[in-house]
Amino acid sequence: MILCTLPLLVNAQTSSISGKITSQDRSTLPGVSVLLKKTSHGTTTDADGLYKLTDVKPGNYTIEVTGVGFSTISQTVSVRSGKQITLDFTMQESQTDLNEVQVVGKTQTQEIKELAFSVNAIETKQFANTTADLNQVLNRSTGVRIREQGGLGSNFVFSINGLSGKAVKYFIDGVPMEILGSAMSLNNIPVNLAERIEVYKGVVPVQLGSDAMGGAVNVITSQKQTNYLDLSHSYGSFNTHRSALTGQYVHKPTGITLKATGFFNYSDNNYKMKGVEILEGGKRNGDQITDLSGANFVVTDTRRFHDQYRSSMGQLEAGITNKSWADVLYLGFGYTAGKQDLQTGFEQTIVYGNVRRDSKAFTGTLRYKKTNLFIKGLDLNLFASQSRDAYVTTDTLLRQYYWDGSWTTKGATEMGGIKTIWHIIRPRTFARANLSYTLNERHSFNINYTADRLKNESYNELISDSDDMPGIMNKQIIGLAYQQELIDKKWVNTFFAKYYGLGLERKKYIDQSYQVIDSTFRNYGYGIASRYKILPDLGIKISLEHAYRLQEVEEVFGDGLNVQPNPDLKPESSDNVNLGGYYGVRFNKHRFFVEASGFYRNATDFIYPVPDQRSKALKNENKASVRVTGFEGELRYDYGDLLFFNINATYQNAVNTTRFGNTSSNNYEATYLNKIPNQPWLFGNANLAIGKNNVFGEDTRLQFSWYTQYVHWFYLTWEAFGNVNGKSTIPNQLIHNASLSYSLQNGRYNISAECRNLTDDLAYDNFRLQKPGRAFSLKLRYFIK
Amino acid sequence: MNILPFKVLAISALALALNGCSDELSESSEPVKDVKYSAVVCVGSWPNTAYYIADVPSLKEGQISLKGSGAEMTGKVYAQDVIQKDGFYYHANFGSGRFGKYHVQNGALIVDKEVPFTFLNWSSYVWADDQTLVIFGTAEGEARYAIVKVADMTLTTGKLNLEAYPKGFDEYAIGFAEFRDSKLFIGFSFTTSTYSANMPVYQKFGVAVVNYPGMNTESIISDTRTTTPGGPVVYAPASFQDENGDIYFISDPVYNYDYKSPSSIYRIKKGATQLDNTYYFDFSSKVENGMGPAMWYLGNGKAIVRTRVKGINIDAEHSFSVIDIRNGAFIKKLDLPADKGERMVKAVIVEDGKAYIAVNAADKDYIWEYDPATEALKPGAEFVGGMDYILRLEKVK
Chain A
1 MILCTLPLLV
11 NAQTSSISGK
21 ITSQDRSTLP
31 GVSVLLKKTS
41 HGTTTDADGL
51 YKLTDVKPGN
61 YTIEVTGVGF
71 STISQTVSVR
81 SGKQITLDFT
91 MQESQTDLNE
101 VQVVGKTQTQ
111 EIKELAFSVN
121 AIETKQFANT
131 TADLNQVLNR
141 STGVRIREQG
151 GLGSNFVFSI
161 NGLSGKAVKY
171 FIDGVPMEIL
181 GSAMSLNNIP
191 VNLAERIEVY
201 KGVVPVQLGS
211 DAMGGAVNVI
221 TSQKQTNYLD
231 LSHSYGSFNT
241 HRSALTGQYV
251 HKPTGITLKA
261 TGFFNYSDNN
271 YKMKGVEILE
281 GGKRNGDQIT
291 DLSGANFVVT
301 DTRRFHDQYR
311 SSMGQLEAGI
321 TNKSWADVLY
331 LGFGYTAGKQ
341 DLQTGFEQTI
351 VYGNVRRDSK
361 AFTGTLRYKK
371 TNLFIKGLDL
381 NLFASQSRDA
391 YVTTDTLLRQ
401 YYWDGSWTTK
411 GATEMGGIKT
421 IWHIIRPRTF
431 ARANLSYTLN
441 ERHSFNINYT
451 ADRLKNESYN
461 ELISDSDDMP
471 GIMNKQIIGL
481 AYQQELIDKK
491 WVNTFFAKYY
501 GLGLERKKYI
511 DQSYQVIDST
521 FRNYGYGIAS
531 RYKILPDLGI
541 KISLEHAYRL
551 QEVEEVFGDG
561 LNVQPNPDLK
571 PESSDNVNLG
581 GYYGVRFNKH
591 RFFVEASGFY
601 RNATDFIYPV
611 PDQRSKALKN
621 ENKASVRVTG
631 FEGELRYDYG
641 DLLFFNINAT
651 YQNAVNTTRF
661 GNTSSNNYEA
671 TYLNKIPNQP
681 WLFGNANLAI
691 GKNNVFGEDT
701 RLQFSWYTQY
711 VHWFYLTWEA
721 FGNVNGKSTI
731 PNQLIHNASL
741 SYSLQNGRYN
751 ISAECRNLTD
761 DLAYDNFRLQ
771 KPGRAFSLKL
781 RYFIK
Chain B
1 MNILPFKVLA
11 ISALALALNG
21 CSDELSESSE
31 PVKDVKYSAV
41 VCVGSWPNTA
51 YYIADVPSLK
61 EGQISLKGSG
71 AEMTGKVYAQ
81 DVIQKDGFYY
91 HANFGSGRFG
101 KYHVQNGALI
111 VDKEVPFTFL
121 NWSSYVWADD
131 QTLVIFGTAE
141 GEARYAIVKV
151 ADMTLTTGKL
161 NLEAYPKGFD
171 EYAIGFAEFR
181 DSKLFIGFSF
191 TTSTYSANMP
201 VYQKFGVAVV
211 NYPGMNTESI
221 ISDTRTTTPG
231 GPVVYAPASF
241 QDENGDIYFI
251 SDPVYNYDYK
261 SPSSIYRIKK
271 GATQLDNTYY
281 FDFSSKVENG
291 MGPAMWYLGN
301 GKAIVRTRVK
311 GINIDAEHSF
321 SVIDIRNGAF
331 IKKLDLPADK
341 GERMVKAVIV
351 EDGKAYIAVN
361 AADKDYIWEY
371 DPATEALKPG
381 AEFVGGMDYI
391 LRLEKVK
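Protein chains in written order, with this note's numbering: chain A, 1 to 785; chain B, 1 to 397.
Please keep in mind that the hints were generated in silico from the structure rather than gathered at the bench. Heads up, a few of these hints could be off.
[To be verified] Straight-line Cα separation of at most 25 Å, BS3-like style, residue types lysine-lysine; simulated pairs:
no., chain 1, residue 1, chain 2, residue 2
1, B, Lys-310, A, Lys-619
2, A, Lys-589, A, Lys-508
3, A, Lys-283, B, Lys-113
[Claimed, not checked] Computed footprint of chain A on chain B, listed as stretches where at least three residues anywhere in the stretch have a Cβ under 8 Å from a Cβ of chain A:
no., segment
4, 111-122
5, 264-278
If you're wondering where the values come from, they're calculated on a predicted model, not measured in any experiment. The beta carbon of each residue, even a glycine, is placed where N, CA and C say it ideally should be.
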């Protein structure tokens, strides 16, 4: 049944047919097949129910729209030269094929899951009415474990299949996230800013030109050429405010587009700390304990203090779209700022009461995209940016704080050193060019080039007013990929190679004069990703990569003060293998999807800053090697738009493969082949969402979501050593979260209430560094498109 | 590699069913007295280094292993600068601002008491009596002390009056400390509070003579032939008193970035408050310009020096030298495997006139027995399983 047909006359070189396919209840239908009968033209709708058939020759056609559970639509259409036709369809549910078993088309996230790479593709739409930030969304996915030190904005370690730290790189639309400034981080980006998140595990496509040895997270924002506005604000426990804005205006006749993105986060993070030590007794003057005689530690519960966090980001992009010489040309400007109280040292007993970090960053960006450049099948994608990130860590009080906010004087600053107002300034020029060429249906090529120049200035304002020996990093990464699609696209192979070029320089004071010392490193990585579809919805895949994580300027040359140089440092490297499969099946409205994979990482030469007791400085060394084997699996089930359920689990066995440790020895060190301690190795998540449309009136939706996360307990230190009586552990975490949301006018107005950590369990990812207990929040969201 | 999604889910279901792991410990106030010795050892590469206090039943025989035994220190006292007396361990943690007393019971490290302590960052100590520990350190540019009554961990604190800083220096490095006849002898030299690639050296060291318990500085001895009269002795000793009550101490100039001065041994005779001008032993000249980061008294006028090979690196190979301390003469380098261990190790226990020396060797890690009377050297108890560092050997009883 055709409800509307709206031909639009727009100047264009080729004829095309495009449109949107919805169901009767106006929900978009992804995976619906659209084809022109008796031609090779055909496609399926994307996640938003949109389709486009391009390069259609003039003539009369029959367009056929088919989707499982719906009646097939046929309509004749007449295509004239150079005209673009828009055809929207509304499909009716069919009663006839209720018992039919059929496989249907896929959403975009599902298509990504069917890539040869081991990848989590997460559609964020389902979380849009929650207060989650991207970390919280990602933490529910397989193979990913994020360990946070505290509440909103706290430091975290992101691990993908057991590799973490600098081995994992973050991107927004393929561009490194850090160019937007240090205030931009997965723990503060609201979920509404992203349309989709992709997590590449171990094997990373060349398009993300980076030394992402352990994997990469790519946040995809909306690339649609439509008008939309998504505005939300939430308020919750611990005086937590989170606002997000993303919107776009396209002036159709001229193609002029304005895109705005922004967020604001604030929290006091004054949640209850359970079982912490405070001082009782002693002589006091206000918060100061002037005399410690008679003061004793007692264990109590107390409110967390000095942990305010504020971050904000704004980005404006303006440009034009759909010109003959450019699909997209945008100029952008971004600003991020953060203010953060640093609350705790590496263990719970180290309490800070005044240490602060402020950051500010400016970014200018240029984005250009052109498909079919000069010849058909040649696509160019350019990005360039200039940014300046600055942050200051202030630690100027000679105090020791306690958990109740009281303090005593101390012979060193809170962080244990001399007074510092420590500036780090990082001007950065980044450019990325990606050229892809599709020779034919079977063969395509991609070349990706990134150039990244970063200057790192750091100095203590109390000693000097600039850094007279800043470090400079020049990183160039070239990636080459060749993709072949064989046997009716059932078998897809991607072969790739990467060149990592790194030039580092820093001035150094040698023999009473400054000399520039520099070093160049060249490394080559390579890999392959392959997928074979046994059935249209059953596939197996394998991917392998020999990958690097390059040294950073500070790691090699030191910072002249806190970090000592180590010119012998090597890059970290790893051999990564993924082997997996997926299967999807649908019976009418019942849809199942299961995926599982095994992974192997053999990483060597991890770079760690090792503290030196004598100089009180750090020195980076290639310290350890690790081998991770593991497997992960996920099962999803949904029933129409009524019920959504998924459960996943990850098991990873990381063993220490450092043969010789700190001492030169002929014997392997005790921990060789022992399980790496202080690292989660078994964890899982379960999500359940039940929603119903038109409960309280037309175009409304009421949805209840439940989410449980489990992390199995693990030892703080080596399992095999020490008497079991005295061993410290990070206990089991079983955290439940629930939310209820109500939408009106087809999702234009949304209100949701949420409770995290329902049972108020003691939660910590790191030894005794407590995370928030039970927290409530309310979110209002306005969304129009 | 197996792809077993349902196994994964089954395991996770099992895991969800499992629950509970407690690290609660029952408090007790007495160290177990059936173990005579202990060793502080470290395993694992950074950042997964873990410290343990291992039971050492005998120095002469058997094996010392951490497999399922040894008290875990990580998470409680993550440090190697722990002072042991009568089975109690003491540690001042400047980072978290606390001073604690601990003991090992049933394989667990028990906290006897921790008191807030932010007054100084310790580097040196001496026992004034069995129940009184005097610790020394620096903070806010001052040299400071604290007198600790260890029975109830009560503290008295104060400032040590040392020589004023020469220009360009703003920190004291406090080295050895000895207590004799109501007087404390505290070695110190000058350094800077911030690290730089070219650390300045002030070619002089001092020994403060401080009355106890008054804690007033009576005089300051000084000398310019070397610097750093003992590194941080909370890690390893650099001084002792012999049977005559004469104090001997050794310097380790390289520890504070002085690459020119030798490692020298000095004497302060019984009753004197000056260096013995007739005595000066240039130890470095006898060991190919090596250094002496730690020294123990063997008895009968002999001492043993943990000897570091020459060079600016303090993370270098060590050996053990026997010296005639009274006459300032070198006797011999012990024929032991090269010690590849940590820079500051409390490696020696002297018992019944014999030295028991823990050696972190490339091959096997033994506690060697050295008998100065017969000059016999033989391997005793062995550390097995591939320990990274043997940090302290302690006589608990």
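Hint check:
{"no.": "1", "hint": "Lys-310/B / Lys-619/A", "result": "22 Å, holds"}
{"no.": "2", "hint": "Lys-589/A / Lys-508/A", "result": "68 Å, violated"}
{"no.": "3", "hint": "Lys-283/A / Lys-113/B", "result": "20 Å, holds"}
{"no.": "4", "hint": "111-122", "result": "holds (count 8)"}
{"no.": "5", "hint": "264-278", "result": "violated (count 0)"}
Hint violations for this structure: numbers 2 and 5, all remaining hints satisfied.
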